[in-house]
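Student: Chains as they are written, first to last, in my numbering: chain A, 632 to 713; chain B, 162 to 425.
Treat the hints as calculated values from the structure; they're not laboratory data. There could be a bad hint or two in this list.
[Stated by the list, open to error] Calculated lysine-lysine pairs in the DSBU-like style (CA-CA distance at most 30 Å, straight line):
1. B:Lys388 <-> B:Lys367
2. B:Lys367 <-> A:Lys675
3. B:Lys163 <-> B:Lys232
4. B:Lys169 <-> A:Lys684
5. B:Lys192 <-> A:Lys677
6. B:Lys163 <-> A:Lys684
7. B:Lys163 <-> B:Lys183
8. B:Lys169 <-> B:Lys192
9. B:Lys368 <-> A:Lys675
10. B:Lys232 <-> B:Lys192
11. B:Lys163 <-> A:Lys645
12. B:Lys183 <-> B:Lys232
13. B:Lys388 <-> A:Lys684
14. A:Lys677 <-> B:Lys183
15. A:Lys675 <-> B:Lys163
16. B:Lys368 <-> A:Lys684
17. B:Lys368 <-> B:Lys388
18. B:Lys368 <-> B:Lys385
19. B:Lys192 <-> B:Lys238
20. B:Lys163 <-> B:Lys192
21. A:Lys677 <-> B:Lys367
22. B:Lys169 <-> B:Lys238
23. B:Lys169 <-> B:Lys183
24. B:Lys163 <-> B:Lys238
25. B:Lys367 <-> A:Lys684
26. B:Lys385 <-> B:Lys367
27. B:Lys368 <-> A:Lys677
28. B:Lys183 <-> A:Lys645
Computed from a predicted structure; not experimentally measured.
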Amino acid sequence: MLGEHARPQVPMDKVIAFELEILGSHGMQAYRYSAMMEMIRTGKLKPELLVGKRISLEDAPAALMAMGGFEGIGIGVVTRFQ
Amino acid sequence: MKAVVFEKFGEAPTIQTVPDPKPAADGVVIKVEATGLCRSDWHGWMGHDEGITLPHVPGHELAGVVVAAGKQVSRWKAGDRVTVPFAVGCGRCFECNSGNHQVCEHQSQPGFTGWGSFAEYVGIEHADTNLVRLPDEMEFATAASLGCRFVTSFRAIVDQGRVTPGEWVAVHGCGGVGLSAIMIASAMGANVIAIDLTDEKLEFAKKIGAVATINASTTPNVVKAVKQITNGGAHMSMDALGHPTTVSTRSPTCAGAGATSRSD
Ligand SMILES: [Zn+2]
Ligand SMILES: [Zn+2]
Numbered sequence: 632m633l634g635e636h637a638r639p640q641v642p643m644d645k646v647i648a649f650e651l652e653i654l655g656s657h658g659m660q661a662y663r664y665s666a667m668m669e670m671i672r673t674g675k676l677k678p679e680l681l682v683g684k685r686i687s688l689e690d691a692p693a694a695l696m697a698m699g700g701f702e703g704i705g706i707g708v709v710t711r712f713q
Numbered sequence: 162m163k164a165v166v167f168e169k170f171g172e173a174p175t176i177q178t179v180p181d182p183k184p185a186a187d188g189v190v191i192k193v194e195a196t197g198l199c200r201s202d203w204h205g206w207m208g209h210d211e212g213i214t215l216p217h218v219p220g221h222e223l224a225g226v227v228v229a230a231g232k233q234v235s236r237w238k239a240g241d242r243v244t245v246p247f248a249v250g251c252g253r254c255f256e257c258n259s260g261n262h263q264v265c266e267h268q269s270q271p272g273f274t275g276w277g278s279f280a281e282y283v284g285i286e287h288a289d290t291n292l293v294r295l296p297d298e299m300e301f302a303t304a305a306s307l308g309c310r311f312v313t314s315f316r317a318i319v320d321q322g323r324v325t326p327g328e329w330v331a332v333h334g335c336g337g338v339g340l341s342a343i344m345i346a347s348a349m350g351a352n353v354i355a356i357d358l359t360d361e362k363l364e365f366a367k368k369i370g371a372v373a374t375i376n377a378s379t380t381p382n383v384v385k386a387v388k389q390i391t392n393g394g395a396h397m398s399m400d401a402l403g404h405p406t407t408v409s410t411r412s413p414t415c416a417g418a419g420a421t422s423r424s425d
């Protein structure tokens, strides 16, 4: 959450009245990866389904500049570096 | 090495030949085999992130092979297939000592606090604390996709959100973070509602586990729709529009439908 999205309004009256919790998530510790990796290994999670387009490093500048708009489905990945 | 470099915020990055990184004493150099494209790289390029100094190489979701290790590194050697969380912990501060490397007080972030992985090679410090070994069968492209959005969602749903089987989870936004959250929450046994502006993304969300979808561009009152589907309100609502940091709201009871009355 950066730029104009950094400070959304929070209805604190509802947080109090319904005892809501607001929680951030800032990635995950390396040592916690094992639980996720085991769920991937056993097929319960399939992150490969979320990999979208594959591009080369040459195409990365244009792809980066375009990312302010709507993304395609899934996570684009640079996989060619030569 | 070749790298994507920008000299000024908001000006077109170019492919340049720059010096190869050298490993820090406790760090490694990784030959990048895959690196994800994430909207936070775009924010960095636009100048929204205070930590960036110019010229800069973006890229923070990476997987590759260790090619060199500093002399203090004991767990990693050349040839190891690895990935790394985007928030690299120092391993020594209060947060790291309490197990919370993701919010390390002295964290480095490839592609933000230093040069990132839109390059042939990237240097990562504190390697023993932060590198993660890849299973042999995992493709580099898949591993790269974990480093920011997938792990952020895993922590949001599992460790922070504490989602349990049968709970309702509303995921706002079906980009990388949202789709990851839908897959993970479904695997945890939750009932997931996917919310987005396009039917195409909502169809995909169903394929990976969402039991209900709401198209926010054609639904006048999304909160009301969530309440109807869930018979009262979602136990957890996840804002998956702004990443890599994401915000989740958790309610102790179904009645707390205010969970969805967020700014998104
Ligand atoms: Zn630390
Ligand atoms: Zn990211």
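Student: Now tell me if each hint is right for this structure.
Tutor: Going through the hints against the structure:
Distance check on the hinted pair: Lys388 (chain B) and Lys367 (chain B) sit about 19 Å apart at the alpha-carbon level, within 30 Å; holds. Taken as a hint, the Lys367 (chain B) and Lys675 (chain A) pair is honoured in the structure, with Cα atoms around 16 Å apart against an allowance of 30 Å. About 26 Å separates the Cα atoms of Lys163 (chain B) and Lys232 (chain B), which keeps this hinted pair within 30 Å; it holds. In summary, the hint linking Lys169 (chain B) to Lys684 (chain A) is supported, as the alpha carbons are separated by about 27 Å, within the 30 Å threshold.
A C-alpha spacing of about 25 Å is found between Lys192 (chain B) and Lys677 (chain A), which places the hinted pair at or below 30 Å, so the restraint holds. A C-alpha spacing of about 21 Å is found between Lys163 (chain B) and Lys684 (chain A), which places the hinted pair at or below 30 Å, so the restraint holds. Between Lys163 (chain B) and Lys183 (chain B) the CA atoms are separated by roughly 15 Å; this keeps the pair inside 30 Å, and the hint holds. At most 30 Å may separate the alpha-carbon atoms for a hinted pair to count; Lys169 (chain B) and Lys192 (chain B) meet this at roughly 26 Å.
For the hint pairing Lys368 (chain B) with Lys675 (chain A), the CA-to-CA distance comes to about 14 Å; that is within 30 Å, so the pair holds. Annotation: proposed proximity of Lys232 (chain B) to Lys192 (chain B) holds, straight-line Cα distance about 18 Å (limit 30 Å). Taken as a hint, the Lys163 (chain B) and Lys645 (chain A) pair is broken in the structure, with Cα atoms around 51 Å apart against an allowance of 30 Å. Taking the CA atoms of Lys183 (chain B) and Lys232 (chain B), the gap is near 12 Å; set against the 30 Å cutoff, the hint holds.
The suggested pairing of Lys388 (chain B) with Lys684 (chain A) is violated, with an alpha-carbon distance near 35 Å, which exceeds 30 Å. At most 30 Å may separate the alpha-carbon atoms for a hinted pair to count; Lys677 (chain A) and Lys183 (chain B) exceed this at roughly 34 Å. With a CA separation close to 37 Å, the supplied pair Lys675 (chain A) and Lys163 (chain B) exceeds the 30 Å bound. Restraint check for Lys368 (chain B) and Lys684 (chain A): satisfied, since their Cα atoms lie roughly 18 Å apart, inside the 30 Å limit.
Among the hinted pairs, Lys368 (chain B) with Lys388 (chain B) is consistent with the structure: their alpha-carbon atoms are about 23 Å apart, no more than 30 Å. Between Lys368 (chain B) and Lys385 (chain B), the direct Cα distance comes to roughly 24 Å. Compliance with the 30 Å bound is thereby established for this hinted pair. Proposed proximity of Lys192 (chain B) and Lys238 (chain B) is supported: the alpha carbons are some 13 Å apart, at most 30 Å. For the given pair, Lys163 (chain B) sits about 12 Å from Lys192 (chain B) by alpha-carbon distance, which is consistent with the 30 Å threshold.
At roughly 14 Å between alpha-carbon atoms, Lys677 (chain A) and Lys367 (chain B) fall within 30 Å of each other, so this suggested pair holds. Restraint check: the Cα-Cα separation between Lys169 (chain B) and Lys238 (chain B) comes to about 36 Å, which exceeds 30 Å; the hinted pair is violated. For the proposed pair Lys169 (chain B) and Lys183 (chain B), the alpha carbon gap of about 25 Å is at most 30 Å, so the pair holds. Of the pairs offered as hints, the one joining Lys163 (chain B) and Lys238 (chain B) holds, with about 23 Å between alpha carbons and a cut-off of 30 Å not exceeded.
As the CA atoms of Lys367 (chain B) and Lys684 (chain A) are separated by approximately 20 Å, the hinted pair is consistent with the 30 Å bound. Between Lys385 (chain B) and Lys367 (chain B) the alpha-carbon distance is near 20 Å, which keeps this suggested pair within the 30 Å criterion. The suggested pairing of Lys368 (chain B) with Lys677 (chain A) holds, with an alpha-carbon distance near 12 Å, which does not exceed 30 Å. The straight-line distance between the Cα atoms of Lys183 (chain B) and Lys645 (chain A) is roughly 51 Å, outside the 30 Å bound, and the hint therefore fails.
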